[in-house]
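Undergrad: Chains G and A supply the protein sequences, listed in that same order. Sequential numbering from 556 applies to the first sequence in this note's numbering. Sequential numbering from 556 applies to the second sequence in this note's numbering.
Take every hint as true, because none was put in to throw you off.
One copy or any two copies: either way a pair holds, since identical chains are not told apart in the list.
In silico lysine-lysine, BS3-like type, Cα no more than 25 Å apart, as pairs:
no.: 1; residue 1: Lys651; residue 2: Lys560
no.: 2; residue 1: Lys651; residue 2: Lys641
no.: 3; residue 1: Lys575; residue 2: Lys651
no.: 4; residue 1: Lys641; residue 2: Lys626
no.: 5; residue 1: Lys575; residue 2: Lys626
no.: 6; residue 1: Lys560; residue 2: Lys641
no.: 7; residue 1: Lys557; residue 2: Lys651
no.: 8; residue 1: Lys641; residue 2: Lys557
Hint data in this document are derived by calculation from the structure and do not stem from the laboratory.
Number of protein chains: 2
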Amino acid sequence: MKDRKLLNIELGRVSVEEYKALPDSGIVVVLDNVRSAHNVGSAFRSSDSFKVDRVWLCGICATPPSAEIHKSGLGAEDSVPWSYAKDTMDAVAALKADGYTVISVEQTVNSVSMESFVPSALAEGGRYALVFGNEVDGVRQDVVDASDMSLEIPQFGTKHSLNVSVAVGVVLWHFTAARLRAQRSFDNDHKTQAE
Amino acid sequence: MKDRKLLNIELGRVSVEEYKALPDSGIVVVLDNVRSAHNVGSAFRSSDSFKVDRVWLCGICATPPSAEIHKSGLGAEDSVPWSYAKDTMDAVAALKADGYTVISVEQTVNSVSMESFVPSALAEGGRYALVFGNEVDGVRQDVVDASDMSLEIPQFGTKHSLNVSVAVGVVLWHFTAARLRAQRSFDNDHKTQAE
Numbered sequence: 556m557k558d559r560k561l562l563n564i565e566l567g568r569v570s571v572e573e574y575k576a577l578p579d580s581g582i583v584v585v586l587d588n589v590r591s592a593h594n595v596g597s598a599f600r601s602s603d604s605f606k607v608d609r610v611w612l613c614g615i616c617a618t619p620p621s622a623e624i625h626k627s628g629l630g631a632e633d634s635v636p637w638s639y640a641k642d643t644m645d646a647v648a649a650l651k652a653d654g655y656t657v658i659s660v661e662q663t664v665n666s667v668s669m670e671s672f673v674p675s676a677l678a679e680g681g682r683y684a685l686v687f688g689n690e691v692d693g694v695r696q697d698v699v700d701a702s703d704m705s706l707e708i709p710q711f712g713t714k715h716s717l718n719v720s721v722a723v724g725v726v727l728w729h730f731t732a733a734r735l736r737a738q739r740s741f742d743n744d745h746k747t748q749a750e
Numbered sequence: 556m557k558d559r560k561l562l563n564i565e566l567g568r569v570s571v572e573e574y575k576a577l578p579d580s581g582i583v584v585v586l587d588n589v590r591s592a593h594n595v596g597s598a599f600r601s602s603d604s605f606k607v608d609r610v611w612l613c614g615i616c617a618t619p620p621s622a623e624i625h626k627s628g629l630g631a632e633d634s635v636p637w638s639y640a641k642d643t644m645d646a647v648a649a650l651k652a653d654g655y656t657v658i659s660v661e662q663t664v665n666s667v668s669m670e671s672f673v674p675s676a677l678a679e680g681g682r683y684a685l686v687f688g689n690e691v692d693g694v695r696q697d698v699v700d701a702s703d704m705s706l707e708i709p710q711f712g713t714k715h716s717l718n719v720s721v722a723v724g725v726v727l728w729h730f731t732a733a734r735l736r737a738q739r740s741f742d743n744d745h746k747t748q749a750e
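Let's have the full structure, built from the sequences with the hints guiding it.
TA: Written as structure tokens, this is what we have:
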């Protein structure tokens, strides 16, 4: 069907100042010893797109300012707030103390397959911290043990591993879709009451 | 919670021969003039994970054998079948003739926001071809016009653009989650009838 592509000026991009004034999404990303600065930058870019409230960089993760993060992140490290923790366990402890449900993205004995998981707490102001691990070793076992649950992206192929920056995008979309559906449901209820 | 990470041998990875014997997912990926061989390889890797039936490489896309595709795809170009079309319009025409619903992933005047879109035809054997565009220019306007619909990944940040390999992962997950839910619903119905 004839369907005109939008121009860049029609995309509704916000400025860094407008971004910082957006309401919280309730979603935080934790990178546990991600080796590649390219992957850190990509995580920033996806976090900017889906309005992540903060990125925690832990252990060996590169931190801004970094030319490589800036390049793959298109500068998103300027819009998305970030923190650094030398030990990922300190970030997890801080987030739990702050009321976050901490979820490790890992394939474990008890991991929940993601299509079955609805982050329903988002609709009631609940907040989630999503932990992504090292390119080779995944999330550290002690971090998995300290998390509230493990979430698995089900896979069927010969590799059973996604690039970590792809995994960040996939999981952020799963949570963002739930957030948007909850928001629409709220808006509809509100509209009905107003009528 | 204590939750042991799975060992590599526990992940249920299939061989290339077993992969080719898996039932079709009903999902095909079309890459419309993707410039970076790294992104092509990443699309293969994600396509392997989510059991995409075929990857169409069009226009300037690099094709296997390619050291760069092999590196970023971890060799997934050996498991996922692929075809090449010099002109993306030829791939779209072939897919439409073969009964596929062709969906361009683009931000357009009439694009459907992805959280609102349920690929319900998968449950009845319907098939989808998902078109992803060039890193800078997106999907070509004539390809958008030839598609059955445009699907938009809603974004909220300062950039309004995802890396194309992240976009491939995000959209493939959205369709795969629907496929898994439909399959579970079918399995449950079947189980109920058998009881």
